[in-house]
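Each protein sequence line maps, in turn, to chains E and V.
Just so you know, numbering that gives the first Met the number 0 puts 72 at position 73 of the first sequence, and the rest follows in order with no gaps.
Just so you know, numbering that gives the first Met the number 0 puts 40 at position 41 of the second sequence, and the rest follows in order with no gaps.
Just so you know, the hints here were simulated from the structure itself, not pulled from any lab data.
Be aware that one or more of the hints could be misleading.
What the hints assert, rightly or not - Residues from chain E shown here face chain V by an in silico Cβ test under 8 Å; the list is partial:
| hint | residue |
| --- | --- |
| 1 | ALA118 |
| 2 | ILE169 |
| 3 | VAL313 |
| 4 | ARG327 |
| 5 | GLU328 |
Here a beta-carbon is modelled for each residue, glycine too, at the ideal position from N, C-alpha and C.
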Amino acid sequence: MSSRLYCPEELSDLIRAGRVFCIAAEEQLLKKLPRGNWIGGSSPYFMSDQGGVVSREKIFATDLTKVTTGFNITLVDEHELKKVYTNTPENGFTCLILPSMSPVHLSYALNASEYPDFAFRPVIGWVSGMHLFDLGEKSAKVVHGPTGEISSDKGVAMHVTLPPEMMCDIGMVNIFKQGTDDILEFPETGFHAKKVFVNGEEKCFLDYLKSKRLNFKLPLIADSAGAKVNASFQAIDPKEKVVKFYAPVFKGATYRQAELLDDYATEFIRNLPASSERILLSFNCILNFLYSELEGRRIGSIAGPVTFGEIGYVLLNQTMVYLSIYLREEEGSFISQSQ
Amino acid sequence: MNETDSVHPVWKKLIKKEFSISLSFLAGKLLLGKLQVQYGTEPKNLVHLARKMHDLYYLNKDLPSVKKDIELINRER
Chain E
0 MSSRLYCPEE LSDLIRAGRV FCIAAEEQLL KKLPRGNWIG GSSPYFMSDQ
50 GGVVSREKIF ATDLTKVTTG FNITLVDEHE LKKVYTNTPE NGFTCLILPS
100 MSPVHLSYAL NASEYPDFAF RPVIGWVSGM HLFDLGEKSA KVVHGPTGEI
150 SSDKGVAMHV TLPPEMMCDI GMVNIFKQGT DDILEFPETG FHAKKVFVNG
200 EEKCFLDYLK SKRLNFKLPL IADSAGAKVN ASFQAIDPKE KVVKFYAPVF
250 KGATYRQAEL LDDYATEFIR NLPASSERIL LSFNCILNFL YSELEGRRIG
300 SIAGPVTFGE IGYVLLNQTM VYLSIYLREE EGSFISQSQ
Chain V
0 MNETDSVHPV WKKLIKKEFS ISLSFLAGKL LLGKLQVQYG TEPKNLVHLA
50 RKMHDLYYLN KDLPSVKKDI ELINRER
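With the rest of the complex left out, here is chain E (with noise of 0.2 Å):
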């Protein structure tokens, strides 16, 4: 099984050993890790074979050796995120990992879609974080591997080039279906709002929210050409009047609250790809994790970190995404499929 949960000492030897490696763990178990070709982000909790696992003593890896023929491994800041796409090689794809909170996430939040060559080379990948215990005192980690350099600042990034024969997809599981009831929009892009546009008139956002008794488990969800983009609740102050979201509302986008689900874990084990065997990467939002009370609890043969944001393309919120591994199929038979 190429992603499983690992004792600090076995995957130390694998590493050195030479193999390739996406890790989630407590920071100081990412410390203690030796150099080597891997990235790493700071996350207690994972979903594993034995289902949802909050642990400060495993270490999450996803082993990409057999996948890739080549590899490059960067610390990324604001101006070296822009060219993520560029840089995620022609048959291949890239695994981000952005601290959370960091100017780094909140700078490919708001601009992910306007980097060059935007969605037309898979990015993937999470948001970091830590226990949610240590909200507060402890800041998100990124780790890159070669070099051993902890940051909360950058993030870093894998890209890898996979074999000729394989090709790769990113796809996204969101259980959210809008809801039918006011539409909104925002006067601005941000993180947080005070005012907003309510079926086109100008309220404020806090004092619209109590009024409708919204439920906060339930994101406001935008919709891109078919793809539900959520955008979650994360607190609101009440001083200030404020409302903050995990990932950013935008301007010129509509949404609307998503519906409410009969049972919010079996709508997302329903949900899930049926391919699960070709799934690769997984990354599931700590959201889920939580509303579905996933501790425990298996979803499928679906194994990753759980996270404090996703990477699909775009930054996302309360989904999981996935990278798939397909095999190339002979030349000439897809060709029957066009006209």
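Position chain V relative to chain E; hints supplied.
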């Protein structure tokens, strides 16, 4: 699907929302959403926007999700 397909009117129709379609390819959905917004503010760039959408699909034509989308798009030709 071939490279010269980019001039087929169906790609412009897609940008202009002249038909609705449920795409499977995530990159396609996200790029289409962006290009449709751009068309709204810069309609004179339609040819360029349509070309871009075609090019994304041509580049990824071997993927199952793309093949599925191409089949749906071909029905609108």
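Against the structure shown, which of the earlier numbered hints fail to hold, in ascending order? Per hint list: zero violations.
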